[in-house]
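> Please construct the entire structure, taking both the sequences and the accompanying hints into account.
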Amino acid sequence: AQSVTQLDSQVPVFEEAPVELRCNYSSSVSVYLFWYVQYPNQGLQLLLKYLSGSTLVKGINGFEAEFNKSQTSFHLRKPSVHISDTAEYFCAVTLYGGSQGNLIFGKGTKLSVKP
Amino acid sequence: DAGVTQSPTHLIKTRGQHVTLRCSPISGHKSVSWYQQVLGQGPQFIFQYYEKEERGRGNFPDRFSARQFPNYSSELNVNALLLGDSALYLCASMRSMDSPLHFGNGTRLTVT
Chain S
1 AQSVTQLDSQ VPVFEEAPVE LRCNYSSSVS VYLFWYVQYP NQGLQLLLKY LSGSTLVKGI
61 NGFEAEFNKS QTSFHLRKPS VHISDTAEYF CAVTLYGGSQ GNLIFGKGTK LSVKP
Chain B
116 DAGVTQSPTH LIKTRGQHVT LRCSPISGHK SVSWYQQVLG QGPQFIFQYY EKEERGRGNF
176 PDRFSARQFP NYSSELNVNA LLLGDSALYL CASMRSMDSP LHFGNGTRLT VT
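Same order as they appear, the protein sequences are chains S and B. According to our numbering, numbering within the first sequence proceeds without interruption in unit steps and concludes at 115. According to our numbering, numbering within the second sequence proceeds without interruption in unit steps and concludes at 227.
One or more of the hints may lead you astray.
Restraint-style ranges between C-beta atoms, simulated for each label pair [what the hints assert, rightly or not]: (1) B/S211 <-> S/K110: 16 to 24 Å; (2) B/A195 <-> S/T72: 36 to 44 Å; (3) B/G143 <-> S/G62: 26 to 34 Å; (4) S/P79 <-> B/L197: 42 to 50 Å; (5) B/T129 <-> S/Q45: 30 to 38 Å.
Where chain B lies over chain S, by a calculated footprint (3+ residues, C-beta under 8 Å) [stated by the list, open to error]: (6) 40-46; (7) 94-102.
Since the hints were made in silico from the structure, they are not lab data. We put the CB at the ideal spot given by N, CA and C, even for glycine.
Laid out in structure tokens, this is it:
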């Protein structure tokens, strides 16, 4: 079975500072990896995904993530955050070759960007 | 194009009652997935349907059931509601089984 651990439940950061949200996964087989963002009172929006190929994945809103198979990590980064990036971020995993509709999510990291 | 629409947006029920939540996928999307998001937690997979057939089921009791209609809309039914069923229920659609998910804004269910 697969599982996802998001190491930080809350991350406060000042505007224009860089940020890294950490995600580790556990699986005995290959996986697909995702990052979703959830704004207050809304559903989830896909930021980026890793299916195969280059381990550095670029997503929307200036976010990127790097897949590290040896460390079973998929950390999300942004070089300079904005107030509008304040939201909750979820890392998710599914089996390689499996449906992207059946995802296992982490517990989320609340990013709070302060002026 | 309209996104995934869910109804109702909010719902209050009493323990022991039954509830039906509805979801309309994005036009052209043939698969619908349902997730439960308890406050402070990540979404947890309940069901996935594709072309009206169940393609996946999460670790939920038999009180939870779902179906997909010929127009690809879907219903999630929960019987004998418990206080612990209070959560945001998210519906998501995808064009095919290897496409990414698009989420609706959810139905907030409160069980008293």
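> Each hint: holds or not?
Evaluation of the provided hints:
1. For B/S211 and S/K110, the Cβ-Cβ distance of about 33 Å falls outside the hinted range of 16 to 24 Å, so the restraint is violated.
2. Taking 36 to 44 Å as the suggested C-beta distance range, the pair B/A195 and S/T72 conforms, at roughly 39 Å.
3. Between B/G143 and S/G62 the CB atoms are about 29 Å apart, so this pair conforms to the stated range of 26 to 34 Å.
4. In this structure the hint that S/P79 and B/L197 lie 42 to 50 Å apart at CB holds, the actual value being about 45 Å.
5. Between B/T129 and S/Q45 the beta carbon distance is about 34 Å. The supplied range of 30 to 38 Å therefore holds.
6. Counting residues of the segment 40-46 of chain S whose C-beta sits closer than 8 Å to any C-beta of chain B gives 6, which meets the bar of three, so the coverage hint holds.
7. Taking a C-beta to C-beta cut-off of 8 Å, the segment 94-102 of chain S contributes 4 residues in contact with chain B, enough for the three needed, and the coverage statement holds.
Hint violations for this structure: number 1 only, all remaining hints satisfied.
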